[in-house]
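Taking the hints as your guide, dock the two standalone chains into a single complex.
Chains as they are written, first to last, in the working numbering: chain A, 6 to 210; chain B, 3 to 163.
Just so you know, the hints here were simulated from the structure itself, not pulled from any lab data.
Think of the CB as a built atom: it goes at the ideal place given N, C-alpha and C, for glycine as much as any other residue.
Careful, some of the hints might be misleading.
[Said to hold, decoys possible] Heads up, incomplete: computed chain B residues facing chain A, CB under 8 angstroms, no partners named:
1. TYR7
2. GLY10
3. MET11
4. ARG15
5. ALA24
6. VAL28
7. GLY29
8. LEU51
9. VAL57
10. THR70
11. TRP90
12. MET99
13. GLY139
14. SER141
[Unchecked claim] Restricting the straight-line Cα-Cα distance to at most 30 angstroms, the calculated cross-link-like pairs of lysine-lysine (DSS-like) are:
15. B:LYS113 x A:LYS111
16. B:LYS40 x B:LYS18
17. B:LYS124 x B:LYS161
18. B:LYS40 x B:LYS161
19. B:LYS65 x B:LYS18
20. B:LYS112 x A:LYS111
21. B:LYS40 x B:LYS124
22. B:LYS112 x A:LYS79
23. B:LYS65 x A:LYS198
24. A:LYS98 x A:LYS210
25. A:LYS11 x A:LYS79
26. B:LYS112 x B:LYS123
27. A:LYS198 x B:LYS40
28. B:LYS65 x A:LYS11
29. A:LYS51 x A:LYS11
30. A:LYS42 x A:LYS11
31. B:LYS123 x B:LYS161
32. B:LYS123 x B:LYS18
33. B:LYS18 x B:LYS161
34. B:LYS65 x B:LYS161
35. B:LYS112 x A:LYS198
36. B:LYS65 x B:LYS112
37. A:LYS198 x A:LYS42
38. A:LYS111 x B:LYS161
39. A:LYS51 x A:LYS210
40. B:LYS18 x B:LYS124
Okay, here's what each chain looks like letter by letter:
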Amino acid sequence: MDDVLKLTKEQLDALREMGNIGSGNAATALAQFLNRKIDMDVPSAKILPLNEISRLIGGPEQQVMGIFLKVMGKLSGRFILLLPTTTAVKLLKALMPGFESSTPGKFSEMETSCMREIGNILAGAFLNALSVLTRVPMLNSLPSMAIDMAGALLDSVISDNAAVSDYVLMIETSFIESQENLRIHIFLLPDPKSLDRLLEILGVK
Amino acid sequence: MPEVYPVGMAEIRIAKAPDALAAYGVGSCVIVAMYDPKSSIGGLAHVILPDSTGVAPDRLNPKKFADTAIPLLFQTLSHAGVFKGNLWAKMVGGAEMFPPTEDFSLNIGKKNSEAALTAVKKLGIPVMATETGGTIGRSMVFRLDSGRISLTVLGESSKEI
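In isolation and in its complexed conformation, chain B is listed as follows (with noise of 0.2 angstroms):
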């Protein structure tokens, strides 16, 4: 039987075919999934927030933030023996769950989609496609020995990307 390994806030996990990976129930987080079909081999990167900017080195999680977690993703991806030229990624995520009020707006969904697309890029690697922004949490399973997402929202059928 395939497993489907969870991937929680600020973590990091790759695998290979016939097994997939998940994210549940995402809000503002930003998932970044990079895949090879050539080996079927594929990862999540489950980012929190846009910018390491400012944090400590010593205290530091680099798994937290998009342009950190990102090119660690790509790491272990190129330790598991991946090519970067098979590598393309896709984004899910990054929603506003609560509406602004007059007194504040979190926004910071929007600022982990935008800071995640800028370090996909950065590593040269081709997003596929984007399921990102919107006021809706989203669920994931990336199934790799397809590269096929497929999302859950509340009330709603399924998608695929």
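Excised from the complex, chain A in its bound form (with noise of 0.2 angstroms):
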């Protein structure tokens, strides 16, 4: 598959059920995690244009707080969590008791240590899920992590998949924790060269 153009409507069906099973998967961690009730935002499977990415959040300029793990295995791929920084404020607060923000948008390194770990439990949960589904070993990355502009946040991870295609493929989903109003998009790009596989796994190729 090098060119995500030519995904049929089944096939991006499918693939957007992948990201249900691992949104899921991952919404019950965090929920756990912070003993609090998530909900989650229908997910999809988009394909978009290189230059519409940014824009899915706001705009290229706006602050945002990424995530960023790579998917390791016979199905790889970049997994990316972006939140706004007053939602990681509020998730530091509901974390670590007594925890006073001091600069807006700079972060110690116990809350960067903090934060890169929520990432790991929600990658690590949504990756665990589609192992299960899809009986292929996934393994995730140490997480990275960086306060800066979507827009610029975002060209790095998908530089490289966007090699050969001028779309990308992404799926995509949001929790909102309704008293605070918490928003996490979680973005999964499968590596080009293992959407094939992933695609012949979930019988739609």
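And the structure:
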């Protein structure tokens, strides 16, 4: 599969369902972790032109926190969480009693480490569900975190996926915690070379 | 009113004073600006990857890669009547947005800046200024009346090159 534009509706539906299973598990993990009720948007499997990706989350200059991991194994890809820094502060408050955010947009080593761990837990739960579904073990790398403009965070993550296609396949969902309006966007980008194998396993090749 | 035209990922665009060209939220991508001060015509290439080697020619979008996009930007300016001897270049971007972990480093920003510099030098166009590398995203507006580039980064005051 060298061009995601060739994906059929049936294939996209299968990918979205896979996203549904993965993010359902991740939402459960987050809910247990925070001891709160977490709702989830219906995931989408979108084929987006390179230009429009950062529009998904409020424009290329929107300040966000990005937590990025590589998916390793026979099915490889990239996994990225994007959340407003205000959401990160709320998550830290819920997890670290007595937490007071110092400078907005600046996080201490401890806070950074805590956010990376949240990324680790969500990605681990997501990929676990996918491993069970596909019977292919998937591991996530250690997460890396940065706070910057959304466009700048995303371009480094998607560039390799865009070598042959001008479009990127993204499986996207968001989590909502209604009480405090926490929003976390999750994106999964299968590597182009893994997409064929993934579709075969899902039975929609 | 002068227009500001945004140039997105894998796009090339040229314009003339008093208009301006812009690129917003640039991370590991490299923006190459070329400018002719005599005609006040300039252009931007928003490059996302360093090298097109290995990409099948029928699948190749030359606007994506430093080695193909930069000659294409130059060609586009030439067709607009710009003389090569007048042109200079500036470069912005090529940051490493995510700190490397024990498991990986993306390192794409550095490769992009190096490849862009090589491609510009190969054309024999002088490089006037660069604002590349580092770990922060940048937005830029390229003013074609002066050839100046204003840069903004999150939480810091803007800078000009």
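Now the hints, each set against the structure:
Annotation: interface hint on B:TYR7 violated; nearest CB of chain A at approximately 13 angstroms, more than 8 angstroms. Below 8 angstroms, beta-carbon pairs count as interface contacts, and B:GLY10 has one with chain A at about 4 angstroms; its hint therefore holds. Below 8 angstroms, beta-carbon pairs count as interface contacts, and B:MET11 has one with chain A at about 4 angstroms; its hint therefore holds. The beta carbon of B:ARG15 comes no nearer than 12 angstroms to any beta carbon in chain A, farther than 8 angstroms, and the hint placing it at the interface is violated.
Annotation: B:ALA24 was flagged as interfacial toward chain A, and the flag is violated, the nearest CB pair being 10 angstroms apart, outside 8 angstroms. Among the interface hints, the one on B:VAL28 holds; its C-beta lies about 6 angstroms from the nearest C-beta in chain A, closer than the 8 angstroms criterion. At its closest, the beta carbon of B:GLY29 sits 3 angstroms from a beta carbon of chain A; the interface hint therefore holds under the 8 angstroms criterion. The criterion of a C-beta within 8 angstroms of any C-beta in chain A is met by B:LEU51, whose closest approach is roughly 6 angstroms, and the hint holds.
Contact between B:VAL57 and chain A, as hinted, is supported at the beta carbon level, the nearest pair being about 6 angstroms apart and thus within 8 angstroms. With its C-beta approaching chain A no nearer than about 12 angstroms, B:THR70 sits outside the 8 angstroms limit, and its interface hint is violated. Nearest Cβ of chain A to the Cβ of B:TRP90: about 25 angstroms, over the 8 angstroms cut. The hint is violated. Contact between B:MET99 and chain A, as hinted, is supported at the beta carbon level, the nearest pair being about 5 angstroms apart and thus within 8 angstroms.
Interface hint status for B:GLY139: upheld, as the beta-carbon distance to the closest one in chain A is roughly 2 angstroms, under 8 angstroms. For B:SER141, the interface hint holds, since its Cβ comes within 8 angstroms of a Cβ in chain A; the closest pair sits about 6 angstroms apart. Between B:LYS113 and A:LYS111 the alpha-carbon distance is near 28 angstroms, which keeps this suggested pair within the 30 angstroms criterion. The straight-line distance between the Cα atoms of B:LYS40 and B:LYS18 is roughly 11 angstroms, inside the 30 angstroms bound, and the hint therefore holds.
At most 30 angstroms may separate the alpha-carbon atoms for a hinted pair to count; B:LYS124 and B:LYS161 meet this at roughly 28 angstroms. Among the hinted pairs, B:LYS40 with B:LYS161 is consistent with the structure: their alpha-carbon atoms are about 24 angstroms apart, no more than 30 angstroms. Between B:LYS65 and B:LYS18 the CA atoms are separated by roughly 20 angstroms; this keeps the pair inside 30 angstroms, and the hint holds. A hinted pair counts as satisfied when its Cα atoms are at most 30 angstroms apart, and B:LYS112 with A:LYS111 qualifies at roughly 25 angstroms.
The hinted pair formed by B:LYS40 and B:LYS124 meets the criterion: a straight-line CA distance of about 23 angstroms does not exceed 30 angstroms. For a cut-off of 30 angstroms, the pair hint linking B:LYS112 to A:LYS79 stands: about 28 angstroms separates their Cα positions. Among the hinted pairs, B:LYS65 with A:LYS198 is consistent with the structure: their alpha-carbon atoms are about 22 angstroms apart, no more than 30 angstroms. Among the hinted pairs, A:LYS98 with A:LYS210 is inconsistent with the structure: their alpha-carbon atoms are about 45 angstroms apart, more than 30 angstroms.
Of the supplied pair hints, the one linking A:LYS11 and A:LYS79 holds, its CA atoms being roughly 22 angstroms apart against a limit of 30 angstroms. Between B:LYS112 and B:LYS123, the direct Cα distance comes to roughly 17 angstroms. Compliance with the 30 angstroms bound is thereby established for this hinted pair. Taking the CA atoms of A:LYS198 and B:LYS40, the gap is near 48 angstroms; set against the 30 angstroms cutoff, the hint is violated. For the suggested pair B:LYS65 and A:LYS11, the alpha carbons sit about 22 angstroms apart, so the restraint of at most 30 angstroms is met.
Restraint check: the Cα-Cα separation between A:LYS51 and A:LYS11 comes to about 13 angstroms, which is no more than 30 angstroms; the hinted pair holds. At most 30 angstroms may separate the alpha-carbon atoms for a hinted pair to count; A:LYS42 and A:LYS11 exceed this at roughly 38 angstroms. Among the hinted pairs, B:LYS123 with B:LYS161 is consistent with the structure: their alpha-carbon atoms are about 25 angstroms apart, no more than 30 angstroms. Restraint check for B:LYS123 and B:LYS18: the C-alpha separation of about 24 angstroms stays at or below 30 angstroms, so the hint holds.
Annotation: proposed proximity of B:LYS18 to B:LYS161 holds, straight-line Cα distance about 22 angstroms (limit 30 angstroms). A threshold of 30 angstroms between alpha carbons decides the hint, and for B:LYS65 with B:LYS161 the separation of about 27 angstroms falls inside it, so the pair holds. With a CA separation close to 24 angstroms, the supplied pair B:LYS112 and A:LYS198 stays within the 30 angstroms bound. Taking the CA atoms of B:LYS65 and B:LYS112, the gap is near 19 angstroms; set against the 30 angstroms cutoff, the hint holds.
Restraint check: the Cα-Cα separation between A:LYS198 and A:LYS42 comes to about 37 angstroms, which exceeds 30 angstroms; the hinted pair is violated. Restraint check: the Cα-Cα separation between A:LYS111 and B:LYS161 comes to about 21 angstroms, which is no more than 30 angstroms; the hinted pair holds. For the suggested pair A:LYS51 and A:LYS210, the alpha carbons sit about 18 angstroms apart, so the restraint of at most 30 angstroms is met. Using a Cα cut-off of 30 angstroms, the hinted pair B:LYS18 and B:LYS124 holds, with the two alpha carbons roughly 25 angstroms apart.
The structure is inconsistent with the numbered hints 1, 4, 5, 10, 11, 24, 27, 30, 37, although it conforms to all the rest.
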